[in-house]
Amino acid sequence: MLINARYSFPAELYYDRSAHVWARPDGDAVTIGLDVLGLESLGDIAYLSLHAIGVPVRRGEAMGSVEAAKMVGDLIAPVSGLIATHNEAVLRDPGLINRDPYGEGWIARLIPSDWARESAALVHGIDLGPWVEAEIERYRAQGWID
Amino acid sequence: MIHWRLITDDGVSASFGLAADDCLATRVGAGESQPTLRLYTYRSHCALVGRFQNVDHEVHREYCLAHGISINRRPTGGGAILMGADQLGVALTLPGTGDDSYHRARELMARFSQGIVIALQSLGIPASFRRKNDIEVNGRKIVGLGIYRAHAPVQPASAPSTPPRSGLLFHASLLVGLDIPLMLRVLKTPFEKISDKEIATVADRITTVRREMGCEVELDEVRARVAEGYTAAFGVSLVPGDFTSVEREAISHLQSRKYDTAEWVNQTTAVADMTGSAKVKTPGGLLDVRVTLAGNTLKAVFIGGDFFAAEGAIADLEAGLRWQSAEPRAVAARLAHLYAARASDLATIPLDALTQAVQQAIRRAQVAESVARADPYGCFVNPESAYA
Numbered sequence: 001m002l003i004n005a006r007y008s009f010p011a012e013l014y015y016d017r018s019a020h021v022w023a024r025p026d027g028d029a030v031t032i033g034l035d036v037l038g039l040e041s042l043g044d045i046a047y048l049s050l051h052a053i054g055v056p057v058r059r060g061e062a063m064g065s066v067e068a069a070k071m072v073g074d075l076i077a078p079v080s081g082l083i084a085t086h087n088e089a090v091l092r093d094p095g096l097i098n099r100d101p102y103g104e105g106w107i108a109r110l111i112p113s114d115w116a117r118e119s120a121a122l123v124h125g126i127d128l129g130p131w132v133e134a135e136i137e138r139y140r141a142q143g144w145i146d
Numbered sequence: 001m002i003h004w005r006l007i008t009d010d011g012v013s014a015s016f017g018l019a020a021d022d023c024l025a026t027r028v029g030a031g032e033s034q035p036t037l038r039l040y041t042y043r044s045h046c047a048l049v050g051r052f053q054n055v056d057h058e059v060h061r062e063y064c065l066a067h068g069i070s071i072n073r074r075p076t077g078g079g080a081i082l083m084g085a086d087q088l089g090v091a092l093t094l095p096g097t098g099d100d101s102y103h104r105a106r107e108l109m110a111r112f113s114q115g116i117v118i119a120l121q122s123l124g125i126p127a128s129f130r131r132k133n134d135i136e137v138n139g140r141k142i143v144g145l146g147i148y149r150a151h152a153p154v155q156p157a158s159a160p161s162t163p164p165r166s167g168l169l170f171h172a173s174l175l176v177g178l179d180i181p182l183m184l185r186v187l188k189t190p191f192e193k194i195s196d197k198e199i200a201t202v203a204d205r206i207t208t209v210r211r212e213m214g215c216e217v218e219l220d221e222v223r224a225r226v227a228e229g230y231t232a233a234f235g236v237s238l239v240p241g242d243f244t245s246v247e248r249e250a251i252s253h254l255q256s257r258k259y260d261t262a263e264w265v266n267q268t269t270a271v272a273d274m275t276g277s278a279k280v281k282t283p284g285g286l287l288d289v290r291v292t293l294a295g296n297t298l299k300a301v302f303i304g305g306d307f308f309a310a311e312g313a314i315a316d317l318e319a320g321l322r323w324q325s326a327e328p329r330a331v332a333a334r335l336a337h338l339y340a341a342r343a344s345d346l347a348t349i350p351l352d353a354l355t356q357a358v359q360q361a362i363r364r365a366q367v368a369e370s371v372a373r374a375d376p377y378g379c380f381v382n383p384e385s386a387y388a
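Chains as they are written, first to last, in our numbering: chain H, 1 to 146; chain R, 1 to 388.
Bound-form chain H, shown alone (with noise of 0.2 Å):
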């Protein structure tokens, strides 16, 4: 299902509010990726890095780097956990994010340490549709999107 006809954001995702990074549970791992606003606002991005494998992160501190528009910022983890697998894809080619970003262009899986608690912070379910319109209407506003 699909929230919004313009910009998709399918409900089977948590998304984080102010990285708008998606989060899905995958078994033992959380599979992380960038949605569609997120995007709008990144442009193409040219460079992407993650930490290394193995390397524990935080929720809300930085997981990698992106660079787009020569503007450089880090890549924030939704949740905390372990990071247990790059996507080798999107390393070599950061512009499969932009062409796919919740299928081939998902960014990293991460082993989640407290998913029951930090998934309640993310945006999911009812609550999903709503935050898809004020987010929209935000970046509207801003000048951000169309």
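Just so you know, the hints here were simulated from the structure itself, not pulled from any lab data. Hints should not be assumed to be uniformly reliable.
What follows is a set of in silico ranges between Cβ atoms, one per label pair, in the way DEER data are often shown [said to hold, decoys possible]:
id : chain 1 : residue 1 : chain 2 : residue 2 : range
1  : R       : Gln-121   : H       : Gly-125   : 30 to 36 Å
2  : R       : Glu-107   : H       : Ala-134   : 21 to 27 Å
3  : H       : Trp-131   : R       : Asp-56    : 44 to 50 Å
4  : R       : Ser-122   : H       : Ala-84    : 42 to 48 Å
5  : R       : Glu-327   : H       : Pro-25    : 32 to 38 Å
6  : H       : Val-55    : R       : Val-367   : 22 to 28 Å
7  : R       : Ala-340   : H       : Glu-104   : 32 to 38 Å
8  : R       : Glu-327   : H       : Ala-89    : 15 to 21 Å
The beta-carbon is built from N, C-alpha and C at its ideal position, and this holds for glycine as well.
We have chain H already, so just place chain R on it with the hints.
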């Protein structure tokens, strides 16, 4: 009135200069340091590559080692630069507002550049902010710009829903003067040799404060103008100060943990650099185009040959293509857009011939890359790093 601290320091090492800017961005974002404008110079000379560049693709390492030129990596993006006593470093660190999205990068870049633009204009130099990230004078680049958004560490007591705090670092390198032959010996360029012709080619694309003013203006005079420019642009009061002892300790720690380590300086990216070239004959002369791709993005474009074009027009084309998509249709559309703005200046170079040459150079770069991809020990090896 809002107060910013003004720090001026000279002859700093590459690792101290970069660690200080990085450290202040994080501390200002966390509310631990006050907003700061730092106007400084590096010890002559050092080569600073962009955040994701590979040193060996950008810098003549052996020449640097032989001549005591240190090499380091900026936290900000963009290309490699040569810094020393004649290049003014500008580092503005401010707290983020929570809405410092990448979409606003150009807007932020233009806003933060205003202090420098005002300073240059006060010296009689008609500088302006153009495109995504250049301050230019008559089509020649005089300042390089970049922005780094640093997230402050999450406080243990924060609620899970508390948004992370961030600091913004605006970085600029203002060319008061520049030794172009030295730059060509330190930084890798499309040129195979360094002669008067290559030096003239570079001089057609970049300029300096001294060249524009036609006199040997002191760097301190330019620095004073930049400080006044920021005061005027932001309506702030600059209070001269220095790093606190706590900040110096944090900077020293970041130097030893990050900027003094080979792991930071020599890290590589999995995005392959690919180069290609093409030559196309036109009624107006030979077109010689060389491109460097970073993945599917045009990282650098050089347009040479024996045609005639208005001053600055070729540099304008090259800069207009940089950091744009390398997709054939996107390249054609971008060139058409750039031509529309300077049609009479480019009348001797047919648009379709240039489009063909750029697209052919891109295709050749991509073919070379796919050959490299077949080599399991080629440039796709991605050493893991703690500094992602």
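Now for the hints, and whether the structure bears them out:
no. : hint                              : verdict
1   : Gln-121/R / Gly-125/H: 30 to 36 Å : violated (55 Å)
2   : Glu-107/R / Ala-134/H: 21 to 27 Å : holds (22 Å)
3   : Trp-131/H / Asp-56/R: 44 to 50 Å  : holds (46 Å)
4   : Ser-122/R / Ala-84/H: 42 to 48 Å  : violated (55 Å)
5   : Glu-327/R / Pro-25/H: 32 to 38 Å  : holds (35 Å)
6   : Val-55/H / Val-367/R: 22 to 28 Å  : violated (36 Å)
7   : Ala-340/R / Glu-104/H: 32 to 38 Å : holds (36 Å)
8   : Glu-327/R / Ala-89/H: 15 to 21 Å  : holds (18 Å)
Consistency with the previously given hints fails for numbers 1, 4 and 6, ordered from lowest to highest.
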